[in-house]
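Each chain, written out:
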Amino acid sequence: MRLLKAGTRAKCAVCDTEVMVVRTVPAEVALTCGGVEMVAMDAAKTPGAHAGTAGQVALVGKRYVNAADAVELLCTKGGKGELAVDGEALSVKQTKALPSSD
Amino acid sequence: MNLAMALEMAAECHPQRIAVSSGGLHLSYADLLTAARAGAEVIRDAKVAYLGVLDVNSPAVPIALFAAAYAGVPYVPMNYRLTRPELESLLRRIAPALLISDEVVLAPLEVPSGVKVMLRGEFQRLALSFTPEPVSAPGAPHDTAIQLFTSGTTGKPKAAVLRHQNLMSYVLGTVEFASAGEDDAILIAVPPYHIAGISAVLSSTYAGRRMVQLPNFDAATWLRLCRTENVTNAFVVPTMLSRIVDHLEQEGGRAGVPSLRAIAYGGGKMPLAVIELAMRHFPGVDFTNAYGLTETSSTICLLGPDDHRSGFESQDPRVRRRLASVGRPVPTIELQVRGERGDVLAPGQAGEIFVRGEQVAGEYLEQGSLLDSDGWFPTRDRGQIDEFGYVYLEGRADDVIVRGGENISPGEIEDVLLEHPAVSDVAVVAVPDRQWGEAVGAVVVFKDGAEATDAELQDWVKQRLRSSRVPTVIRRLDQLPYNEMGKVLRRVLKQQFADVSS
Chain A
1 MRLLKAGTRA KCAVCDTEVM VVRTVPAEVA LTCGGVEMVA MDAAKTPGAH AGTAGQVALV
61 GKRYVNAADA VELLCTKGGK GELAVDGEAL SVKQTKALPS SD
Chain B
1001 MNLAMALEMA AECHPQRIAV SSGGLHLSYA DLLTAARAGA EVIRDAKVAY LGVLDVNSPA
1061 VPIALFAAAY AGVPYVPMNY RLTRPELESL LRRIAPALLI SDEVVLAPLE VPSGVKVMLR
1121 GEFQRLALSF TPEPVSAPGA PHDTAIQLFT SGTTGKPKAA VLRHQNLMSY VLGTVEFASA
1181 GEDDAILIAV PPYHIAGISA VLSSTYAGRR MVQLPNFDAA TWLRLCRTEN VTNAFVVPTM
1241 LSRIVDHLEQ EGGRAGVPSL RAIAYGGGKM PLAVIELAMR HFPGVDFTNA YGLTETSSTI
1301 CLLGPDDHRS GFESQDPRVR RRLASVGRPV PTIELQVRGE RGDVLAPGQA GEIFVRGEQV
1361 AGEYLEQGSL LDSDGWFPTR DRGQIDEFGY VYLEGRADDV IVRGGENISP GEIEDVLLEH
1421 PAVSDVAVVA VPDRQWGEAV GAVVVFKDGA EATDAELQDW VKQRLRSSRV PTVIRRLDQL
1481 PYNEMGKVLR RVLKQQFADV SS
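Those protein sequence lines, which keep their order, are chains A and B. Each residue of the first sequence is one higher than the last, beginning at 1 in my numbering. Each residue of the second sequence is one higher than the last, beginning at 1001 in my numbering.
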C-alpha cells in the first residue's frame, strides 16, 4: 500500500509492465500487476511470477481505470500482467478520438 | 510526467519507424531517443540553466527539445526574426545558457556573456556520435519544461512558463498513443519558437508520426514537399494557407497532393474567404481549426472536419457561420465566457474567455501564475459561445475600443468592412477622441484598382451595425503590418493614429 500522486511512475517487480499515474484518490492504495505489488522505478526486480495468470495483459499507451473512474493509469511500457488497484482489476478506458490538431 | 516519456514510449513501441525527415536525413524514433540522451550530456557538460535554440527547423530542434528534458533544464526556442537589440535582451534573460544556433542568425549579434554558442550542425553531430547510458529524465512533473517568449505585439515579450505536467496533460488528453499509421507523415512548417511548433513535435512523437520539416515556408516548396515526402497531415497558420491558396489560384493548376488527408490550422484568425477557397482546392482533405494559446500548452478548442463540411455545404446561416468559429472545447478543457464583473455569461453574450484544465499553465516568469483560486485562466481573448456550444472569437480583450463606456470589439467591424467589395484587408483600432475617450479608427487596404470614399465605407457599416460602430477616422495603406506569424501589429497602427491626433 502506498500513496500515489499524479505523475508517479511504477513498474512491475516481475514483468516488463510500467505505468504512470494519471489520476488517483487521496489515500493509500495497493497497485498491482498480475497480483504482485508494483514497485518504484529505481527498485530492483524480484525474481518470481505473477500471483495469477488470468486476466488481460498491459498494453503500452492504453489508459486503465477502475469502475469508479477515480484511479487512472497510463501504461508506459507493455507487459504480461493484469493491472489492479486494491484487488479490483482495471479496464481499458475508451477514449473518443479527436482529429489531429498539430 | 516528463516530455521524455513520450519519446521513450514511441522508441519502445516502434524503434525503427522514422521520426524526423529533414533535407535527406532520416532519424528513427530509436535514433531520436539516443540522440536526446547524448544531447543531454552535452548540455550537462556546459553547466547552464537554460537550453536556448535560435534557429529554423532542423533535426537539431526535436533532439534539443528532448535533450533539455533529459538534462533537466528548460528548453527556450526563440524567434530569429526579432531585431538585434530584442534578441540580445532575450539572451541576457536566459544566461547562463547553451545556445544552439546558426551562423546566419548569429552574424549580426553580439552574444552576451554567459551564453555559450554551439552551431546546429555541431550539436547534431555530437548528439548522434555516441550512445550514452539509457538514463531516466530527472526532476518532477512540476519542473519547467519550456519557456517561451510571447510575441510581444503589445509590449515587451513575457516569458511564458510551461511545465512538464501541462504539456504532457495536453498530449495525453488529445492524442491517442501510437495512433499514426506506418505511412503517416506530418509537414511541420511552423517555426520552432511557436507553441504549435512545439506541440507538433510532442503530439507527433506520441502518435508515432513521421515529422517532415520545412525550415523556411513558401507555398511552392510546401506543395512540393507534400508530394515528394507523401505527406498525410499538415499544420499551417492562416497566412500560410492564404499563400498556398494564392499560389494555386495563380498557377491555375490542381494541388496534386494525393497523399494529403488532413490540414489543421490555427495561430490566428482565418479569413472565411481563405478557408472556403482552401476547401475547394483540397476537396478530399479534412480541415481542423485548432484554437489555443502559448499559455494553454496549445489547443483548447477544435472545429473538426465534419463541421467544416457541413458549414461549407449548408444553406442554414447558423450552421454556415460555424466555419468562422473555433469549434468546441477539447474534452479535458472547461471554458466560460465572463462579463466585466466576473459573472458567467449565457450563450450569445460576448465577454472574456476563461479556461481551466491541467494543460493550462497560465504563468509567466515575471508575474507568476495568473490562475484564480479555482484554477481559471483569463485568456484575454474576447468571444462568445452559441447555443450549440461553438466558440466564436472576437479579438483580444486588450484591443477592445472603449467608446464612452461602451465596449466595442474590432472584430465585428472588421468582418463587416471585409465584406465591402472594394476592401481586401482591414484592421480596426482605438483612436484617441476628445469627446468619447476612444473612437473607432479603421485602416483599410483596397483591392487592386478598387476605391471607396470614407462616406461610402461609413454608410456600409451604418447599414449593418449600431451607429457607435461606424469608424470616425479611416486611413488607407497599401498593406497592413503583420508579424511573421500573421498577426496584425495593432500597436504599430495605434501609434500612427496617436501621431496624427497629437
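Hints listed in this document are in silico derivations from the structure and should not be mistaken for laboratory results. Everything numeric in this text was worked out from a predicted model, so none of it was measured. Check each hint, because a few of them may be wrong.
To be verified - Computed cross-link-like contacts, DSBU-like style, restricted to lysine-lysine with a CA-CA straight-line distance of at most 35 Å: (1) A:Lys45 to A:Lys62; (2) A:Lys96 to B:Lys1116; (3) A:Lys96 to B:Lys1494; (4) A:Lys96 to A:Lys77; (5) A:Lys77 to B:Lys1047; (6) B:Lys1047 to A:Lys45; (7) B:Lys1494 to B:Lys1047; (8) A:Lys5 to B:Lys1158; (9) B:Lys1047 to A:Lys5; (10) B:Lys1269 to B:Lys1462.
Stated by the list, open to error - Interface residues of chain A toward chain B, partial, derived using beta-carbon atoms under 10 Å: (11) Val39; (12) Asp42; (13) Lys45.
Don't be surprised by glycine CBs; every beta carbon is placed ideally from N, CA and C.
Consistency of the hints with the structure:
1. Proximity of A:Lys45 to A:Lys62 is assessed by CA-CA distance (about 23 Å); at most 35 Å being required, the pair is judged to hold.
2. Of the supplied pair hints, the one linking A:Lys96 and B:Lys1116 is violated, its CA atoms being roughly 46 Å apart against a limit of 35 Å.
3. At roughly 45 Å between alpha-carbon atoms, A:Lys96 and B:Lys1494 are farther apart than 35 Å, so this suggested pair is violated.
4. A C-alpha spacing of about 22 Å is found between A:Lys96 and A:Lys77, which places the hinted pair at or below 35 Å, so the restraint holds.
5. Between the alpha carbons of A:Lys77 and B:Lys1047 the distance comes to roughly 32 Å, so the proposed pair stays at or under 35 Å and holds.
6. Distance restraint check for B:Lys1047 and A:Lys45: the Cα-Cα separation of roughly 34 Å lies within the 35 Å cut-off, and the hinted pair is therefore satisfied.
7. As the CA atoms of B:Lys1494 and B:Lys1047 are separated by approximately 44 Å, the hinted pair breaks the 35 Å bound.
8. With a C-alpha separation of about 31 Å, the suggested pairing of A:Lys5 with B:Lys1158 holds against the 35 Å cut-off.
9. Proximity of B:Lys1047 to A:Lys5 is assessed by CA-CA distance (about 31 Å); at most 35 Å being required, the pair is judged to hold.
10. Between B:Lys1269 and B:Lys1462 the alpha-carbon distance is near 24 Å, which keeps this suggested pair within the 35 Å criterion.
11. Hint on A:Val39 is violated. Least Cβ distance to chain B is approximately 15 Å, over the 10 Å limit.
12. Proximity of A:Asp42 to chain B holds as hinted, the smallest CB-CB distance being about 8 Å (cut-off 10 Å).
13. Among the interface hints, the one on A:Lys45 is violated; its C-beta lies about 16 Å from the nearest C-beta in chain B, farther than the 10 Å criterion.
Hints 2, 3, 7, 11 and 13, counting from the list given before, are not met by this structure.
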